[in-house]
Amino acid sequence: MALKLYGIPMSTCTARVLACIYEKNIQFQLVPFNLAVGEHKQPSFVAKNPFGVIPVLEDEDLTLFESRAITAYLLKKYKEQGEDLLRLKEGNLKEEAMVGLWTEVESQQYSPATTPILYEYFFAPRRGKIPDQKVIEDGIVKFQKVLDVYESRLSQSKYLAGDFYSLADLHHLSFTLYLMRSPWVSLISSRPHVKAWWECISSRPASLKVVQAMTPAEK
Amino acid sequence: MVVKVIGPPNASSCRKVLVCLMEKEVEFEIIPIDLFKGEQKSPEFLKLQPFGVVPVIQDGDYTLYESRAIMRYYSEKYKSQGTDLLGKTLEEKGLVEQWLETEGQNYHPPIFNLHLQFHHRLGLPIDDKIVKESEEKLEKVLDIYEERLSKSKYLAGEFFSLADLSHIPLTHYLVTDIGKAYMIRNRKHVSVWWDDITSRASWKKVLQL
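So the protein lines, in turn, are chains A and B. Using UniProt numbering, read the first sequence as starting at 1 and increasing by one per residue. Using UniProt numbering, read the second sequence as starting at 1 and increasing by one per residue.
These are computed hints drawn from the structure, not numbers from a lab. There's no promise every hint is true.
In silico EDC-like pairs for lysine to aspartate or glutamate, Cα to Cα no more than 16 Å straight-line [stated by the list, open to error]:
1) A:K77 to B:E91
2) A:K77 to B:D143
3) B:K47 to A:D148
4) A:K94 to B:D59
5) A:K76 to B:E76
6) B:K188 to B:D143
7) B:K93 to A:D59
8) B:K93 to A:D61
9) B:K41 to A:D59
10) B:K77 to A:D163
11) A:K48 to B:E147
12) A:K94 to B:D61
13) A:K79 to B:E91
Away from chain A, derived, C-beta distances all over 10 Å, residues of chain B [unchecked claim]:
14) T83
15) G104
16) K132
17) E133
18) I144
19) S152
20) D177
21) K188
22) R200
23) L207
24) Q208
Backbone N, C-alpha and C fix where the C-beta goes; we use that ideal spot for every residue, glycine too.
Next comes chain B alone, as it looks inside the complex (with noise of 0.2 Å):
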């Protein structure tokens, strides 16, 4: 039975279940919402997912939301098929962890100020003061990310693992609608990171859909 993804294709939190789906090799079907329509706000919605946000996945009668959380599982599921994306030792699994908590905690926050503020279709009026404090909050995590990845090809080590996959959706909203490359091309060993990641077959396949 083929793995039901609720959400729009293109929200970076379905995507980066996607992308995870691809790199385990798991088939998957999209179930389009139009969060512009409200449709995540809906009974039927919120009956799988109660706080109205995307992605939830239906497999079979198995429904999980959460999109760190979804990715952890099929991780797990199918973790002797596709990329390992969870690390071998259970040090290397606890390195992913640490830097998948880092997206979440750290990463995450900023840069969806950011996603929001310049989200064209919300063509809301953009707020200075939370782009200028967004942006120094993540130019302050990327300082971080730089310095880790000057020592490590990936974030969690030598090896490409959800850490990093995490962070792949927001980041292209950051080089392209909202127009701060700078910030990934002036760190030269987040740059090359960057370009490493997003090289990705199952990446590229994700933004065609």
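With the rest of the complex left out, here is chain A (with noise of 0.2 Å):
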């Protein structure tokens, strides 16, 4: 029985589970779900998750919600397809333990910061806000820090938790695809190393199919 995928691919955290498939090539089916007419506060859909949010995957009896830990269960469960983006093979658990480091990272600074300005840029305006400035204005002071301490890193690692791509890279494409495509764009074009670790992973095959998946449908 194929995996099933509950989300939607314009939205991040669903995105962020579709970079995972597709680097392991694995079979799934998306199924379809509409936000706009409240299916996730739907009884049938918090019974898969209690936080009424998206992506759920469901893998014959096990139903699991939370992102990052649906690509963690996945790279452990197909660790002998596609490439070891968790470091799992014998005598790599210090390498296991980087990713680890970089995806938290990712998940209580990068994701974080970037969030505000994403959402009062792309999202307020569909719900009839206008944008606050002052919280895109802070949220920018915050993330240049954050994009600081990434450049230094990257200045000595061609990937974040070392040489290698890893689920840690992986994590950050979908939200700094929303950014490349807002008008702060030079946040990371500014950071030469930043920017050539955005080129070298956004252009992975895997990657392209994900840039893809997030692209609204022509009209």
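Put the complex together from the two separate chains, hints included.
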């Protein structure tokens, strides 16, 4: 039975899981989901994810929510196919821990810094609100500090966890894709090592599929 | 060689790591840092942890930061000793990750806000708006936990795991300094779970440090 993924490709958290699925070439079924009609608040969905948010993965009788828990599960289950993005092979525990460190940094520093900026710019207008410039300005100040740490790290290491592409880099794809579609592209492009890293990770075949999935259909 | 844990022993993020190391029967040494003197922003510290937050561990010449990454590393490294904090099967591990992510994404932000608001040493005026919003968010998360824990002894299943452990230090502040024990006590299953996880010897020892 194929995996079922409930979610919307345009959503950053769903796209995070898609990136992992494409890297590992996993057979799956994307279950169409309609946020606009409140499908995420329906009892049948809340039974799967009590937080009422996407994505949710169903693998036979296992149901999982939280995109970063889903990607970790998929990489462990499919560790024999595709690249070793969690460094699970024997003796690589320290590398695995570095992947763990930078996935935590993405989760605790990078995404919380980008979320307010991207929310105000992309999503507030859809809810009829005017973007809050103060939130955006404060957000940019915080985010620049985080990016300075990344610039320093990536001047010593080709990818975040070491000289290998890993889940830590992958987790950054979807948020950064939105950033590159915003007026603040220069935050990335003005930092040579972050820029080079971005160009490298976003040009992988699986990443290009994510870009396509995150592109709204032509009307 | 003994693991060095750099940070104040009573900081919530450090306590998580200390409880984990005790559960895994790993010897450690605390190198205290004074956050109020800004020692976490010194150039020496920033070389170890460029974001200037605690904890950091040094294990010989290996350095690691982010409390959850540290816990995962030691839980895996010492999986054959002490308490199994990760789960045995792939499915159990998936559920541990799900609830550990839930703690990081949904529980931590509002409870950490409350912790900062009521921190007596920070001495800042309390922002009622932040307190109200954080409480409301936390209440919703605790409702979900109440439902979950009515079906399962611990968050990830019938075994204590990193997911439960990660909640202990900040929830301790919630029921003490922050003065909102009712949020736990008003929920029957959360209350039972709370008493269970805080009765563990590892937590009792960490409180003495």
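Hint check:
no., hint, in the structure
1, A:K77 to B:E91, "9 Å, holds"
2, A:K77 to B:D143, "31 Å, violated"
3, B:K47 to A:D148, "14 Å, holds"
4, A:K94 to B:D59, "11 Å, holds"
5, A:K76 to B:E76, "14 Å, holds"
6, B:K188 to B:D143, "11 Å, holds"
7, B:K93 to A:D59, "14 Å, holds"
8, B:K93 to A:D61, "15 Å, holds"
9, B:K41 to A:D59, "45 Å, violated"
10, B:K77 to A:D163, "22 Å, violated"
11, A:K48 to B:E147, "13 Å, holds"
12, A:K94 to B:D61, "11 Å, holds"
13, A:K79 to B:E91, "15 Å, holds"
14, T83, "19 Å, holds"
15, G104, "6 Å, violated"
16, K132, "19 Å, holds"
17, E133, "15 Å, holds"
18, I144, "4 Å, violated"
19, S152, "12 Å, holds"
20, D177, "23 Å, holds"
21, K188, "17 Å, holds"
22, R200, "24 Å, holds"
23, L207, "25 Å, holds"
24, Q208, "28 Å, holds"
Comparing the model with each numbered hint stated earlier shows that hints 2, 9, 10, 15, 18 do not hold.
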